[in-house]
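Counting from 1, position 4 in the sequence shown corresponds to residue 21 in my numbering; the numbering is continuous, with no gaps.
It is possible that some hints are incorrect.
[Claimed, not checked] In silico DSS-like links for lysine-lysine, alpha-carbon gap of 27 Å or less:
| # | residue 1 | residue 2 |
| --- | --- | --- |
| 1 | K21 | K153 |
| 2 | K154 | K96 |
| 3 | K96 | K153 |
| 4 | K154 | K21 |
| 5 | K96 | K21 |
[What the hints assert, rightly or not] The following label-pair restraints were derived from C-beta to C-beta distances:
| # | residue 1 | residue 2 | range |
| --- | --- | --- | --- |
| 6 | L35 | S155 | 20 to 26 Å |
| 7 | I28 | F119 | 33 to 39 Å |
| 8 | T24 | G76 | 33 to 39 Å |
The hints are simulated quantities; they were obtained by calculation from the structure and are not laboratory data.
Just so you know, even glycine gets a beta-carbon here, dropped at the ideal spot from N, CA and C.
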Amino acid sequence: MSTKASTSFWIIAGGALLWNALGMVIYYQQMTATPLSLAANYSPAEIQYMLSIPAWANGAQGLAVTAGLLGSIALLLRKSFATVLFGLSLAGILAQNVYGFFIGDAMGTFGAAVLPITITVLLIAVGLVYYSMRLKKSGELT
Numbered sequence: 018m019s020t021k022a023s024t025s026f027w028i029i030a031g032g033a034l035l036w037n038a039l040g041m042v043i044y045y046q047q048m049t050a051t052p053l054s055l056a057a058n059y060s061p062a063e064i065q066y067m068l069s070i071p072a073w074a075n076g077a078q079g080l081a082v083t084a085g086l087l088g089s090i091a092l093l094l095r096k097s098f099a100t101v102l103f104g105l106s107l108a109g110i111l112a113q114n115v116y117g118f119f120i121g122d123a124m125g126t127f128g129a130a131v132l133p134i135t136i137t138v139l140l141i142a143v144g145l146v147y148y149s150m151r152l153k154k155s156g157e158l159t
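Produce the entire structure from the sequences given, and follow the hints as far as they go.
Set out below in structure tokens:
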């Protein structure tokens, strides 16, 4: 392992931490939301959709954000288990999307507006898995 990480490492790892911390905040807000708190921003159909998401899909989202946040911390600490955590996060994202797109009809409820964020989340998750694998292979993570 090199003794000094590159500037790009700190930018990517710090960005990953901020991104996943934001994901954790959004998850907390969704899990504590009530119909009344949602009414200011969502239609009745959207509120019904959000409140009817099954526990396994909410659990998948919880896995995704928790593993992503812990993976980001591990990456900042330059630990190789960041790769496993980012892999778990990606698995949670994929499971959540199985519900959203194949079972729960998120597109029918929210429209095409869900696609850009979904694609962004997937690309960042895949990127973090790849990046951490590359760092692990090069010996920069221990």
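Hints the structure violates: just list their numbers, smallest first.
none
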